[in-house]
Each structure stands twice: as structure tokens, then as C-alpha cells.
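K.L.:
Sequence:
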Amino acid sequence: MLYGCTTTQKGAAVGGLGGAALGGIIGHQSGHGAEGAVIGAAVGAISGAVVGEKLDKKFCPVCGAEYTASVQYCAKDGTELKFKQK
0 MLYGCTTTQK
10 GAAVGGLGGA
20 ALGGIIGHQS
30 GHGAEGAVIG
40 AAVGAISGAV
50 VGEKLDKKFC
60 PVCGAEYTAS
70 VQYCAKDGTE
80 LKFKQK
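Numbering that gives the first Met the number 0 numbers the first residue of the sequence shown as 0 and each following residue consecutively.
Please note: incorrect hints may appear among the correct ones.
Claimed, not checked - Calculated cross-link-like contacts (lysine-lysine; reagent style DSS-like; alpha-carbon spacing at most 30 Å):
{"no.": "1", "residue 1": "Lys75", "residue 2": "Lys57"}
{"no.": "2", "residue 1": "Lys81", "residue 2": "Lys57"}
{"no.": "3", "residue 1": "Lys56", "residue 2": "Lys81"}
{"no.": "4", "residue 1": "Lys83", "residue 2": "Lys56"}
Stated by the list, open to error - Between beta-carbon pairs, the in silico distance windows are:
{"no.": "5", "residue 1": "Lys75", "residue 2": "Ser29", "range": "31 to 37 Å"}
{"no.": "6", "residue 1": "Lys56", "residue 2": "Gly77", "range": "37 to 43 Å"}
{"no.": "7", "residue 1": "Asp76", "residue 2": "Val42", "range": "36 to 42 Å"}
{"no.": "8", "residue 1": "Asp76", "residue 2": "Ser29", "range": "55 to 61 Å"}
{"no.": "9", "residue 1": "Ile25", "residue 2": "Tyr72", "range": "42 to 48 Å"}
{"no.": "10", "residue 1": "Ala41", "residue 2": "Gly63", "range": "32 to 38 Å"}
{"no.": "11", "residue 1": "Val42", "residue 2": "Ser69", "range": "36 to 42 Å"}
Note that these hints are calculated values from the structure, not bench results. Glycine included, each C-beta is placed from N, C-alpha and C at the ideal position.
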């Protein structure tokens, strides 16, 4: 299901599923399970996408420029890019 997706897309999908489950459980306690699931899914997807985007960044150790994970070398100086530490 998540093969071929970017880290941001995976984060949004996982966050959305987790948020929907948690929102459904919490909403069920107050008699609003469906509404809780919808709100939880939206919040979870947004949060997951933000986290996924942060994990999907590389930087140039020489000049500090930032790139997406698909780029291998810095466009400014040709240095091999490194993943940002979590």
C-alpha cells in the first residue's frame, strides 16, 4: 500500500489511520464515534505529513543548502548530501 510513496505521504497515511482510530475511540466515549474518527484522521494526517516532511530532508555539509531526499548532490558545489539528524 505504501510502496513508492514519499516519506511525507507515508507519514500522512500512517498519521491519518492512527488519528482516525484514536479519534474513534475517544469519540465513542462521548457518543460521537464517527465525528471523532473524522477529526482524528484529519489531525493525524496533517501531523504525520509534517513529521514525514521533516524526515525527508537532506542538507549540504559544506554550504548548508537543503534538498529533498531524492537529490544526491548539492547543486551549488557538488558535495554529496547528508540526511538531517532527527
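K.L.:
Next step is simple, just say for each hint if it's right about the structure.
P.N.:
Consistency of the hints with the structure:
no.	hint	in the structure
1	Lys75 x Lys57	14 Å, holds
2	Lys81 x Lys57	5 Å, holds
3	Lys56 x Lys81	9 Å, holds
4	Lys83 x Lys56	6 Å, holds
5	Lys75 x Ser29: 31 to 37 Å	54 Å, violated
6	Lys56 x Gly77: 37 to 43 Å	19 Å, violated
7	Asp76 x Val42: 36 to 42 Å	40 Å, holds
8	Asp76 x Ser29: 55 to 61 Å	56 Å, holds
9	Ile25 x Tyr72: 42 to 48 Å	46 Å, holds
10	Ala41 x Gly63: 32 to 38 Å	34 Å, holds
11	Val42 x Ser69: 36 to 42 Å	28 Å, violated
When held up to the earlier numbered hints, the structure conflicts with 5, 6 and 11 and fits the remainder.
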